[in-house]
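Undergrad: Chains A and B, in that order, give the protein sequences. Basically the numbering used here = 1-based index in the first sequence + 770. Basically the numbering used here = 1-based index in the second sequence + 770.
Be careful, since some hints might not be right.
Repeated chains share a single entry, so a pair holds when one copy, or any two copies, can fit it.
Claimed, not checked - Taking lysine-lysine pairs in the DSS-like style, the calculated list, with each CA pair at most 25 Å apart, reads:
(1) Lys-1490 / Lys-1315
(2) Lys-1712 / Lys-1275
(3) Lys-1004 / Lys-1059
(4) Lys-1421 / Lys-1713
(5) Lys-1664 / Lys-1229
(6) Lys-1712 / Lys-1007
(7) Lys-1004 / Lys-1329
(8) Lys-992 / Lys-1224
(9) Lys-1480 / Lys-1490
(10) Lys-1059 / Lys-1712
(11) Lys-1480 / Lys-1315
(12) Lys-966 / Lys-1360
(13) Lys-1677 / Lys-847
(14) Lys-1028 / Lys-1198
(15) Lys-966 / Lys-1007
(16) Lys-1629 / Lys-1421
(17) Lys-1329 / Lys-1490
(18) Lys-1198 / Lys-1548
(19) Lys-1490 / Lys-1229
(20) Lys-1490 / Lys-1264
(21) Lys-1059 / Lys-1575
(22) Lys-1569 / Lys-1713
What the hints contain is simulated information worked out from the structure, not anything from laboratory work. Treat the numbers as computed from the prediction; the structure is a model and nothing was measured.
Protein chains: 2
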Amino acid sequence: MKTGTSLAALLCVLGATEAFLGRVSFLPGIRNLPTDTPVARKHGPGIFMSTLKSPVPDTAQTQHAQAPTSLHVRDSKRVYLFNEGRKEDKALLGGKGANLAEMSNIGLPVPPGFIISTATCLQYFDSEPNLPSGLVEEYMTAIKIIEAQTGKEFGNPENPLLFSVRSGAAISMPGMLDTVLSLGMNDEVAAALARKSGNPRWVYDTYRRFLQMFSNVVLGMKMEVFDDLLVAYKASKEYRSDTDMQATDWEEMVRRYKEVTTVPADPHEQLQLAIRAVFSSWMTPRAIKYRQYNDIPETLGTGVTVQSMVFGNMGEDSGTGVAFTRNPSTGENVHFGEYLQNACGEDVVAGIRTPEDLTGLKAQNPQLYEELLRVFDLLEKHYRDMQDIEFTVEKGKLYVLQCRSGKRTAKAAVTMAVEMVEEGLISKEEALLRIDAKQMDFFLHPTIDPSAAKTVVAKGLPASPGVGTGVLCFTSDEAEVLAKEGQDVLLVRKETTAEDVHGMKSAKGVLTQHGGMTSHAAVVARGMGAPCVSGCHEIEVDNAKETLTLLRSGRVLHKGDTLTIDGSTGEVMEGKVALIRSTSDADFQKVLDWADELRRLRVKANADTPDDARKARELGAEGIGLSRTEHMFFGPARIDVVREMILANDKAERLKSLEKLFVFQKEDMREIFSVMSGFPVTFRLLDPPLHEFLPSEPKDIAALAGRIGKDATLVANKIKALEEVNPMLGLRGCRLGLAFPEISEMQVRAVIHAALEAKAQGYDPRPEIMIPLVSVAKELEVASALVHATAGQVLEEKKAVLEYKVGTMLELPRACLNARSLAPMMEFASFGTNDLTQSTFGFSRDDIGGFLPRYLEEKILEKDPFATIDVEGVGQLMRVAVEGVRGAEGGDDKALGVCGEQGGDPKSVQFCEELGLNSVSCSPFRVPIARLAAAQAAILHKKAHK
Amino acid sequence: MKTGTSLAALLCVLGATEAFLGRVSFLPGIRNLPTDTPVARKHGPGIFMSTLKSPVPDTAQTQHAQAPTSLHVRDSKRVYLFNEGRKEDKALLGGKGANLAEMSNIGLPVPPGFIISTATCLQYFDSEPNLPSGLVEEYMTAIKIIEAQTGKEFGNPENPLLFSVRSGAAISMPGMLDTVLSLGMNDEVAAALARKSGNPRWVYDTYRRFLQMFSNVVLGMKMEVFDDLLVAYKASKEYRSDTDMQATDWEEMVRRYKEVTTVPADPHEQLQLAIRAVFSSWMTPRAIKYRQYNDIPETLGTGVTVQSMVFGNMGEDSGTGVAFTRNPSTGENVHFGEYLQNACGEDVVAGIRTPEDLTGLKAQNPQLYEELLRVFDLLEKHYRDMQDIEFTVEKGKLYVLQCRSGKRTAKAAVTMAVEMVEEGLISKEEALLRIDAKQMDFFLHPTIDPSAAKTVVAKGLPASPGVGTGVLCFTSDEAEVLAKEGQDVLLVRKETTAEDVHGMKSAKGVLTQHGGMTSHAAVVARGMGAPCVSGCHEIEVDNAKETLTLLRSGRVLHKGDTLTIDGSTGEVMEGKVALIRSTSDADFQKVLDWADELRRLRVKANADTPDDARKARELGAEGIGLSRTEHMFFGPARIDVVREMILANDKAERLKSLEKLFVFQKEDMREIFSVMSGFPVTFRLLDPPLHEFLPSEPKDIAALAGRIGKDATLVANKIKALEEVNPMLGLRGCRLGLAFPEISEMQVRAVIHAALEAKAQGYDPRPEIMIPLVSVAKELEVASALVHATAGQVLEEKKAVLEYKVGTMLELPRACLNARSLAPMMEFASFGTNDLTQSTFGFSRDDIGGFLPRYLEEKILEKDPFATIDVEGVGQLMRVAVEGVRGAEGGDDKALGVCGEQGGDPKSVQFCEELGLNSVSCSPFRVPIARLAAAQAAILHKKAHK
């Protein structure tokens, strides 16, 4: 990244802005300090590394050295200085405390502080409302040490030491007290600070914030009480924003705040109250409920972290900055940062002044710059990853306030991972674990240029990744026509059906008002690799008028207007948005090669056509885990034959149509076998209800009747008769094959003939035939017998030998529960996690638009179970099924896989690894992600079982 | 039963005809014999009782006495005479053999025979194709004894002994060799028999049947080969039926049969081949598959039963008869039988001659009649139940060929059970177990008079028991009008919807073309106790033309034609059929009182209205397990308010409509509480998708829009928007309550207000509020919090105290799997086995008409899972859920029940008992059945765990 790009923009790209803003806006200009202390002055800024290696009296250091792993010997000790802990001490010190301790110990200049242990929290509930006896004395000893280190004094207005107080359990837990900043503040302290800093405005702003925060989190008052006072004051002054407020205004606010609250002036009393509030927050109803819900033991307790603060705006030799140890955008091994002299975080965020890159700092203070570089190096070596660092310089002395593994773009993640392996910093396994598999969409689809301007006008579900721009078009026929004329088209529908497939193929993207992540539109689009945003309830589509209303603004768009959709985020944007594309990135290929070395799970693709199959091979699929034979039924030349077959008056008529379909189907299959030579190809027998293939509009029905030479009324009646109340639970899957065995026979004949022809052409076909929607063992018995009989007959006719396998889908709870009884009739099985999720939850994927968004928003569900396997419910059934199959005779030889949409979801892939499945199968464009996720899962599994 | 009723008609009523015909038509005139033997002659017919008490040499008798229970000491023994076994020896002798042995041993005159043990079968597979060494010698010894007993000789044409040979494993198993009759037949034997009997016609008929049967089951030839020969012969002779065939014709057939088969003439060779065939039949693919499917161990093996035969048409002192020890129709303790002199079974069945009742036999042969009475007495005392006996008299000597517990009508079953308890013959427990709970419909609904003529014109699903006759009517509005005019109406619909409820109420019965056992029509009809036949695919309903086409005949019926439906059998009959009714039968009441004493499960009713509730109390329900609050929404005064509420533009408008509904709902609830005072009443919050309440026809929509003062197009659009692809899996149940909390709030307020009012009136209301369709713990958390908050608010307002419970439905796989996490938020739970069956199988109850009938017919499913709980699938989930709830804190105090339709099904009730549930709930008219079934389940459970 070149200097032209601002840090704020970069943070924005990385999604970090909110956290940054959230934190610093509460603490403008103040950073945990020591300032001008005798110790600091004695050693000078240049030697802080050695200083900080042993900044506390030997006693504490020795104690830690003596008992580095055993916490028991420290049981009677309740207060820990930072350098008395390590990051492994989370149970004792809480997550926050342990991390601060770690930073201190590896030599980072962290403002000193102490932690009251989590065990003390439990003691508190015996002594409540008093603190456990002796605790105050104990932490006062720690405060004395910190006073000595900082040269300041807690409660002394002439040289005040201010603290932040935070809760922190071993497991991060919302619902507990978070933070009180600037504790130790009172009128005298504020006056002295205002004098010393020469910046009374932020002192009083900080003071009033302290009062509000303390009143809220410690005293339980509402934030609104204070907000209302401020609003009223600004109104009276006709101020438009906080920036209009001057030092005297904030001082006045402090006065007004103090009228409504009872924050004690005594810093010691403040501290005691804050510590008690942190402990008490462990037992609020919200925290208790959260623990119950997440199975967190009550006996963990919370720790209390008390840390001194630093100031970044103490003059020209002070400042504040943010840096990344490598470029988080490109991954280049070049540090990247920004610095603002005599400033605090608020100034950076508010954009009032523009920060410079670190060359400015280098020029001003080369020694400090060198120190910073040493910090970068130290941090990368210690954490073995690129770090995101916040630092403050106070009167020439550097303080690190936070360091964490830095967020990065997909490109940077991959480049860094590859380079760090090549530098010998990390292993391949670690490198792979560092990469967020979900981000890898970046390498597979053009993405929005992060620096481009965009206006989001609506948001729907991120149904199929990729970005698509085009003119709005409301029918599939027209989409096809316009596309042929060379236009970029965006197909907009209430929802799509089988009749829209040609339109979807022609369009640059698909936008639907209804339907979830696994609606027809979503599934078909993912299969095609076409961008799709589905379930976009912020638009209203009127098919008749060919308009799209943006509900946020009420604006009505018409045919021919241009929109852009991002299928990775669900965003709908105005006009055309600039894109970037990263194809065949060498680092990415390297990562995938490593993934292939390290994974155990076989990765296949869901592919229905020869084109899909080719794409799947290119992207590394090792076979086809699901080929939906019915998808070969679409296309203008075929669909009418399918309809003729469905509407046949009797079996003889149906057989005639099936014979025509046989030719199409066999040819597609032969080509798929040739593309997938040497790899297994699983054809699933016809699954959807027949009604799905038929038109519904009277004029379409009449036209169809004309084409196939039947009476329109009879055809309409027959279509009506095939209607079902809940087609998802009706005559489909193997039920269809049992009702019309001739359809299954045709499909099996096509598979076997196709394989024999491919073989004759020198390919190595590996056919597998899969029977869908089995719930009862007898269904599989009858259906598999039909497959074997038909295949056997073809092979006998042709006097040929061919290996083929017969298996089933595990996609209904009953099948999973009784997998053991299905096992004898199957050579393989595939979890259809879409259908299994539907039936386990009782959620129709076509109708979840009505409640799923609310469920996710209100956290009734943590995740969309159609995107990520629901381990607690669906996962239990899968586990029972795996045990059932593996426990049956020869069960270990029966390949088990997943072919629902979740097969390309990293979390789900990890669960498949845990279950010991043999493969996952997903849409072709997700294959690279699944390959990476499979490797990550294998590495994690190995780690966990070492 | 009086003498006027024929035995054939009676058997027909009892469903026994088919078995009877099936057996005797294969063996016309021949019954296992001895005939004119020295032994028989010496003792004479009068003394057979003592003779048969010790009919075999002492050695065998002694051996049995020495080792009555241990089979090990008999391991080396392979051939058992009948009196060497007992009915407990099924594992050793097979079921058939053991029963024949039992009959011999209790002193019944059974034609002698022997059994080759099941263990020998396994030896055979080592010696195959030869019989195990020494076996022939061993069974020849047994044959010698039988020859001595019968005075006949196997293979001797002058005095031939004929055998039947049957397979028989410990568990009855289709797919194995069944029976070869008249083995020992050949040309010489036939000639001698023809001479001796003076009836060459049946001798040669028997001979040709033997040839055909032997060729088929032993030699593996097709039956058709022989049938074709017979057809061709009859055609050449211009015979119309077998009765035209004379002795010489059958002799000719024997000649022709022998030309195509290779049945050996040597009886000993015949026997060896037949025994080998029985053993081999154990290992046919069909038998192996059956065993795998039913978990029957292969090591059981099959036994071979070889029995001598008797003849009923040896002259005037011979004959054949059937008798019941009590009247199987009324239950009266008076024997009932029929006898035909000098005849065989075929004559009885063919109806050529009319059998007389036993007074004829009494007159002809008083001594033999007395013997028969002693047999009746002996059998009843031994089996402690009414027996159905087949007997043959050969030359004055009585032989019992079969005895079994007799089939009986519902009335007879109850009367016999009560009388036998009062006679001291059986205990109350045994009495209850004897009664088929399903048959008890007889006491609750008028039933078809068994003696009435009826013409069945179509058959559908037996959706709601009872018989209804009426004129066909195709709309609910017209049904209501005609009913008010005093006509009996039969409502005929393609399927019913919420809009048909008033028509269903007015009709004497409901007949639908579509829909399963749990379709709207079925569920609502059962709730009303109205007869219903649903899913009748043998009719085609045309609503527009108001016609019903009988597809069997193609006949078209019109409005006003009369049909009768039987909702217990699914039969649709022409015109009006005569009915009988058994109300408040004293014996039945006694049985129910005993059941109440002995059952553990509480029996509640599913009741939605005060009328339902009253009916439920009358029939003994101890509370309401499911009150579907939405059913209170129907009715002309209410449905429009409901629609207004659904179509409201905003929450304010919706609240206004809800306020009106509150009044209706509260009043219904108050009345239900008063009827059910002292018993728990469970109200389920609104469950169905809102779309179900709305009209679908444009003219109805327009009318509605007018009534509620809204724009018709807007209303139509809103209705369209509420449409779902799979409403069963859509926005319903708790999802609805979470989307529109104000609806749940209104319902909860209504429950609490109603309970308080009922309490003020002196009743004892016990409200329970149930949250439907939960799949995720958080749903229940939010929904139950809303119930508690609303209830608490009402109680606070009213300053009242009221106990109420909150619970949930367990009706989705995910809820069952995670019941433990739901437990903290529920005080009770009810399995909704309808929905649970739907989701576990992936079967929509609305659409199963398309495949369930075929599934049941082809035995893909053994039972309709919507009628009887599927223990292997749904039952597993229920078990997991019970364990989950019971394992949670306080889990034992949380009442668990079933409220799906299966709650009234005896087998399902038994499963509920096994699971340790607290209650079952079913439609009011099934309550007595459930009470009886619950008692039976408790008795069986006690027995099994003793």
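Undergrad: Are the hints correct? Go through all of them and say.
TA: Hints, verified against the model:
1. Lys-1490 / Lys-1315: Classified as between; 17 Å across copies, 27 Å inside a copy.
2. Lys-1712 / Lys-1275: neither (42 Å within a copy, 66 Å between copies)
3. Lys-1004 / Lys-1059: neither (40 Å within a copy, 86 Å between copies)
4. Lys-1421 / Lys-1713: neither (58 Å within a copy, 54 Å between copies)
5. Lys-1664 / Lys-1229: neither (43 Å within a copy, 44 Å between copies)
6. Lys-1712 / Lys-1007: Neither. Shortest intra-copy (65 Å) and inter-copy (85 Å) distances fail the 25 Å Cα cut-off.
7. Lys-1004 / Lys-1329: neither (48 Å within a copy, 80 Å between copies)
8. Lys-992 / Lys-1224: neither (38 Å within a copy, 80 Å between copies)
9. Lys-1480 / Lys-1490: For Lys-1480 and Lys-1490, the Cα distance is within 25 Å only inside one copy (15 Å; across copies 31 Å).
10. Lys-1059 / Lys-1712: neither (34 Å within a copy, 42 Å between copies)
11. Lys-1480 / Lys-1315: For Lys-1480 and Lys-1315, the Cα distance is within 25 Å only across copies (22 Å; inside one copy 32 Å).
12. Lys-966 / Lys-1360: Neither, since 57 Å and 98 Å both go past 25 Å.
13. Lys-1677 / Lys-847: neither (41 Å within a copy, 65 Å between copies)
14. Lys-1028 / Lys-1198: Answer is neither: 58 Å inside a copy and 83 Å across each miss the 25 Å cutoff.
15. Lys-966 / Lys-1007: neither (29 Å within a copy, 132 Å between copies)
16. Lys-1629 / Lys-1421: between (52 Å within a copy, 23 Å between copies)
17. Lys-1329 / Lys-1490: between (33 Å within a copy, 24 Å between copies)
18. Lys-1198 / Lys-1548: Answer is neither: 48 Å inside a copy and 40 Å across each miss the 25 Å cutoff.
19. Lys-1490 / Lys-1229: between (36 Å within a copy, 23 Å between copies)
20. Lys-1490 / Lys-1264: Result: close both inside a copy and across copies, 22 Å intra and 12 Å inter.
21. Lys-1059 / Lys-1575: between (50 Å within a copy, 21 Å between copies)
22. Lys-1569 / Lys-1713: Answer is neither: 51 Å inside a copy and 61 Å across each miss the 25 Å cutoff.
When held up to the earlier numbered hints, the structure conflicts with 2, 3, 4, 5, 6, 7, 8, 10, 12, 13, 14, 15, 18, 22 and fits the remainder.
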